Amino acid sequence: MPDDTRTAGPPASGGAPQESRQDPPVSPGESESEGETGSPVTYLRLGVDLELDPTSDAITYQTSRIHKIENLQICPHLKRLALNANDIEKIENLESTPELEELELYQNRVRKIEGLSTLSHLRVLDLSFNKVRKIENLETAVKLVKLYLSSNKIQVIEGLETLTRLELLELGSNRIREIQGIATLTELKELWLGKNKITEMKLPPLLNLQRLSIQSNRLTRWNDSLFSSCPSLEELYLSHNRLTGAIPEAIGKLKKLKILDLGANAVDDMRAVAQLPELEELWINDNHISSLEAVKALNSMDSLRTLYLEGNPIHANLGPSYRQNIVQIFPKLQQLDALLVSETVNIIQRPLSGKVGATKQKSIMKHNA
1 MPDDTRTAGP PASGGAPQES RQDPPVSPGE SESEGETGSP VTYLRLGVDL ELDPTSDAIT
61 YQTSRIHKIE NLQICPHLKR LALNANDIEK IENLESTPEL EELELYQNRV RKIEGLSTLS
121 HLRVLDLSFN KVRKIENLET AVKLVKLYLS SNKIQVIEGL ETLTRLELLE LGSNRIREIQ
181 GIATLTELKE LWLGKNKITE MKLPPLLNLQ RLSIQSNRLT RWNDSLFSSC PSLEELYLSH
241 NRLTGAIPEA IGKLKKLKIL DLGANAVDDM RAVAQLPELE ELWINDNHIS SLEAVKALNS
301 MDSLRTLYLE GNPIHANLGP SYRQNIVQIF PKLQQLDALL VSETVNIIQR PLSGKVGATK
361 QKSIMKHNA
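Number 75 in UniProt numbering belongs to position 75 of the sequence shown; there are no gaps in the numbering.
In short, the hints are calculated from the structure, not lab data.
Given the structure is predicted, the values throughout are model-derived calculations rather than measurements.
Backbone N, C-alpha and C define an ideal beta-carbon position, used for all residues, glycine too.
A couple of the hints might just be wrong.
Claimed, not checked - Cβ pair distances, simulated, as ranges:
1. H288 with P98: 54 to 60 angstroms
2. E187 with P313: 40 to 46 angstroms
3. K79 with S342: 44 to 50 angstroms
What the hints assert, rightly or not - Pairs of lysine to any residue residues, derived as SDA-like cross-links and limited to a Cα-Cα distance of at most 20 angstroms, are as follows:
4. K79 with T118
5. K90 with N71
6. K134 with G115
7. K153 with T118
Construct the complete structure from the given sequences, taking the supplied hints into account.
Here it is in structure tokens:
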């Protein structure tokens, strides 16, 4: 099941690595301080210990024990700066890189969004896995297309009004309770809000939005306005919430939807899904679907290729015949739960006599059209 802790960028991982060890005497240019454990940590300096090529338009140093952004005047034509998984605490000293288009500071110790006012060409900003508490100081970053802020300490979606060219916004694994502050982001194509504390699935009109994740939140009710506000949705992830009852008929407005993930909720009626002509993947595992008739209501969905249904009462109710029954309903299905339909499924049928050697093994092979 998709997990958007870091769906739109680097994979989710733990905190920034600590380079704590007993180091040799500090060399010229290196700086030394104490880490969180109290052990000495030796930091390396850009342009001193770590080479900067004046002719290069890109700098990449990952897990290099960098503590400070500095000496970038050496590279006046820099377009990409990637200092991921270091120990940087402050965004600073970028005034000499006015052509910068991509700034990646994923997995550092940054506490505040600042120091970006001169970067009028910035298109990508990645501050995921830091300690940012507030979205601020982005007013001049009007060319920003991708903004990654997952795994921080953000509580409110704000400060984005001028980012009208933004196409991707990643805010997973924060402390957000309400979807707000995005009405001006009319070019937005991807919005990732998984693992927050959101209680309502209400969005402003975002006519270009194609991918939306609100999985692992606190949703308890359907809101039909979502389906009207985002008619271009192709992927919708709502797993691991508290949604109950029937999927609303209004979902039929999402005529372009290809992936629907409703796993780990309390849905008991999925008939409305039959209105989605382009749906290719349906994740509705671990819900309250109990009858075969509820599944048969979807048998007209010629586009469906992947179905996750395990963990529902129907799985236990059908017993060993579960897989065979479901596959017969969807002749073009390619994957049921974790197994490809084309794989041979052995069904062991034991006779009532229980005689040794009387076991009959049946192999069911499903070939897709």
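* **Numbers of unmet hints, in rising order** => 7
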